[in-house]
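Chain order of the listed sequences is A and B. Using the numbering used here, you'd call the opening residue of the first sequence number 1 and step up by one each time. Using the numbering used here, you'd call the opening residue of the second sequence number 1 and step up by one each time.
I should point out that these hints are in silico values taken from the structure, not numbers from a laboratory. Misleading hints may appear alongside valid ones.
Straight line, CA to CA, 27 Å or less: simulated DSSO-like cross-link-like pairs of lysine-lysine [what the hints assert, rightly or not]:
#, chain 1, residue 1, chain 2, residue 2
1, A, LYS61, B, LYS134
2, A, LYS377, B, LYS134
3, A, LYS447, B, LYS59
4, B, LYS125, A, LYS61
5, B, LYS133, A, LYS527
6, A, LYS547, B, LYS67
7, B, LYS67, A, LYS438
8, A, LYS531, B, LYS133
9, A, LYS264, B, LYS54
10, B, LYS134, A, LYS527
11, A, LYS541, B, LYS134
12, B, LYS134, A, LYS547
13, B, LYS133, A, LYS538
14, B, LYS134, A, LYS63
15, A, LYS377, A, LYS541
16, B, LYS133, A, LYS547
17, A, LYS294, B, LYS54
18, B, LYS59, A, LYS438
The structure displayed is predicted, hence computed values, not measured ones.
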Amino acid sequence: MKTLFLLCGDVGCRGYESRQVYDKFLELKADWFDIKFTGCQGLCANGPILQVKPGDIFYQKVKSSDVFEILEKTQKNELVERLLYTDSETKKRYIRTDQVPFYKKQTKIILRTNGLINPKSIDDYIAMGGYAGLKKALTLQPENIVDEILKSGLRGRGGGGFPAGRKWEDVFNAFETPKYIICNGDEGDPGAFMDRSLMEGTPHVVLEGMTIAAFAVGSNEGFIYVRDEYPIAVRNLQKGIHDARKKGLLGENIFGSGFQFDIKIKRGAGAFVCGESSALMRSIEGKIGEPHEKHIHASEQGLWGKPTLLNNVETYANVPYIILNGAKNYKKMGTVDSPGTKVFSLVGKVRNAGLIEVEMGTTLREIIFEIGGGIVKNRPFKAVQTGGPSGGCIPSEYLDLPVDFDSLKAVGSIMGSGGMIVMDDCDCMVEVARYFTKFLMEESCGKCAPCREGLVQVYRILEGITQGRGSLEDLRKLKELGEYIASSSLCGLGRSAPNPLLSTLRYFEDEYIDHIKNKYCVAGVCKVLTKFEINIVKCTKCGLCFKACPVDAIKILDDGCYKIIEENCIRCGECRSACTFNAIRW
Amino acid sequence: MLDRNNDNSSEEVIQALQDIQSLQGYISRENLKEISRNLGIAYSYTYAIATFYKTFSLKERGKYLIKVCDGTACHLKSSENIVDEINSYLGIRNGETTSDQMFTLEQVNCLGACAMAPVVSINEKIYGNLTRKKIRNIIDMLRGKK
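The shape of chain B in the complex, shown without the other chains (with noise of 0.2 Å):
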């Protein structure tokens, strides 16, 4: 068993990659390398814990980030119809990014914030009790404001 002094840069592995994140948004190539040789660890072993977890993306996300409550509240009151009505008005598809890198959707397990369902944080401003209609003007709203 290895001894924790010994192990702690993996430690901090997961920490580098969300400072990075929250600062950047995303994390590329580059900071993967980076952050590999400053902890003194494979590269192989960063890329392997940066595609486990799911709050990393290694592709640049969009200027609001759509994310869609797809938890048991937001299902039963139909979020699908949420993502269905994003999918086709914004022409872009779960993790992908509109090509003006105005709006990138995701669907997300759950906000916590089931009492409202359903609901979408977009740059972690909630939105809630949602309908086709709601979103397509909260959406053409943001894209007003540039």
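Excised from the complex, chain A in its bound form (with noise of 0.2 Å):
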């Protein structure tokens, strides 16, 4: 059996070159193994990663400078240690990919084939029993996939966690003709990067579930809205179509039962209201992507004013496994209202920043501590930030709160798309519910008052706190606003737009206070409340904050200290991110 060397080529490890690896091992080739770029193998903070089949070795920060040996020890029978992964605390080294703390707490239903194939070819994905979901599904009556879908209780990935089968139902009931399929790629939630690394990691696990989803509600056209960020999740995605089409799994006739299906690319243009379903579909039409009230569904008058079956991508990835498996099996994962798994994005302050897959009901201090191996630099855990702009901010007294769709909604923040941030006591929650109000106001279509006016008196009045010039009044008004806009703007991005603000209000009222009654940012973060000093006790006199520093701030002192000069000090804070020490206060 030939050696399978799997290697990270998506954005993240790309990011740290991995491109030249590749090029690398192609330089290297020999007829005793396989080099494969994959799709996101998900522990992108030590990118890039390569696994080595069989053994299920696992190589993170691997250079193109280690090819050589790691070929020559493979071939020995032998490790290269040194590219292991070791924990940070305890120092062991481990092998195996499912022996890394990263994966072990990880299920892969949706991610399973990511990072394990080329992600352009068709046959490594049938290889993996790729395509047998539809196989099936085509031998069942359509009345009877709408069914398994609707028992197995899977809810839309998208944001809102609306039971997919519902939807389903509506438009396989709907009388009129033609019927539309659309996947919702328009991933625009800042922090979030699942369903892209899905479309460009397995593209083929989103066209085998449209395509099943066509079969189960009568429909022939489909088309994939992808963001237009997302440039290699097209060529991807085009490659697939095209692929699927040859074998006959996608267009006419597909596995030669008659069904006929073919599904178009739509580009998105940088629009992050066009996420809304409504918006989405004016977007696809070639109109301006602005929400509309929703007195009929889309699922009646959805896409050209025809029956419409809308889902996320994520959603469309679950179906290939619910058919093959059955929704008994589906609902053993996860937990009794929110069955399966969900795919996150795992980013901010926390050490294993990267993709994962867990059950839901896994706890967030399992997320972050154990598969995310806790804070960088061993900083108090302040908040994870979930839902993108729509969520909101969970404090660290919910920790143990099991991540489904509900309990996430129950303390104020929603499970959204997927996106999880973490952050640590140097940010500033003030500063963040003013980021996530200006995004949502530059991103605001501008359709109706509430949103459009009452996110700039929202903004006017943060910035202004974070900027010393807040005054207690400024709190109710605050908390009004936000409730005024959520109760009464027109589409789901409005009425979730206040989110950020007022979990931020309900957990952390003290920063706010302290910004305005003391004129101090506890988190060093608002520039004007900031003043960075050196503490000596802690210092190691390395010298790298001042090599960091970027307006030469810092001085070295005679006997070898060193100082910032607050004069100069411009409180980019560099210098504490550059620290190891944690030896810069404020």
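From the two separate chains plus the hints, produce the assembled complex.
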């Protein structure tokens, strides 16, 4: 059996020059091994990631200069010790992928083949059991498929968690034809890249899920709406569609069953609001992407006024698994009301930042501290932000909260599409609220007044507080504005827009008051309210801060100690980020 | 309700704008007129679409398009510092181009490479874990290449 090297070719690892590593493998090509450039393997923080099969050996931070040694040692059945995953606390080394703590707690359904196959090879996907779900589906009655999805309890992974089966049923029952299938790949939440990784890494699972959906509801035409910032996803999906057509898995007469379905890619054009279903359909029609009132559901009158089934990328990716293994087995994973798994992009101040998939009901603590390996530089955990701009910040007292649609909602956040951003004591909650409000203010389509005008007012107040101009009266105004926007905006984006503000106010009101009353930013982020100093007790005189300072505001004193010259300091905080001993205080 | 077949000229607008933009990096007034003529739709409609969607630039961009990510992860890791540095080092603000037509600065919402925050992409190539000093070096390097 040939040795197989699986090298991660996702954006994160490419940023760490995995392309050069790949080229080096090609340069040293020999008969005894194969090299594959795969989709995301997960542990982006330690990229480029390389797995060796057989043996499932896990190497990280691989450089092109390591390739020769890897090949030499692999041939001799030896390990390259220094490239193995090493626990930063215990110094323990792990050899196999499934032993690495980052992977141990994960359950991979959606990402099962991501990172194990060449995304551009349909044969790779089929060899891993791909399209078996579709093959089986075509032998079933459409109503049985809809029923199976209903029974599985699958909830929409795009944010709201609406039962997918109910949408399928409605479109199935709709009289009008033609019917359309839409896949929402307009992943606009900042800090989220699950759908990108999936579309890039395993495009066929999305295509397969859509085709099953089309057969079930009786549609012959589908669209994938892909965010404009994801050119590789577009390329891989295009290649996937092309190859699937050639193999008779898409187009006329799929699997010889007589069923006909085809998929077109529509590229988004950089409007966050187009992630909202009614806006997205307008955009596919070539119109301005503004949301509409939803007196009539898309399942009756959607795209071009016809019955339309709209689900998100990850929702469709669940479908082949459910059809193949049955709703009963699917429901064994996750919680009663949120079955299955969820993919998250675990990022921010967490050690093992990357792409993960866990069963619903896994606690935040397990995700952040076991899979994520805890907080960078062992700083204290402050909050985790889920759900993107429509979500909220969850404080440490809820670390043992099981992650599912309903429990996140209960604490003032939402599941959202799966961004999970970890924050430590160097992150200011007022600034986080300001950031999201600015984002939403700029992305508001401007159609309805509460969102368009309300967010501007919220932003002005928040900006004032971060610049030391706040008053206690502002807090009352913020709450009032937040509640007003939430209750009177037209679309879901507007109604959830105050979540970042309201959740930080709910859990971190002290921080707001600190900014206002004491003119002090406890996180050392708000420039006007912060002053940095070197803590001589902790300082080891290593000079990292001195090298990092972009404005030469750090001077060496006669005794070798460092000092920050206050008048020169621009409070950018780069010294604090550079210091590995937490010796910069504020 | 308009039937799809009567209405598919507008369906093509976004695609047409995207094609032109990827070909020449921006969309000129002439391009807008041409698209409107070819698809048989009003100039005002094409203009509305081109200005609603953020991707489209009606101004010529420089040789290197620097997109600074301001996604949540990048923001927490001080992406503002990177923007500040480019502001002062190149003298351009968000959306502006240097007078020698070398660099254009654009702040974007998320590039999806959150694990290596803060990141920028320059002509689609990703640079991660940036600091003020690193971005300055990258700009110098690109300048040297001309």
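List of violated hint numbers, smallest to largest: none
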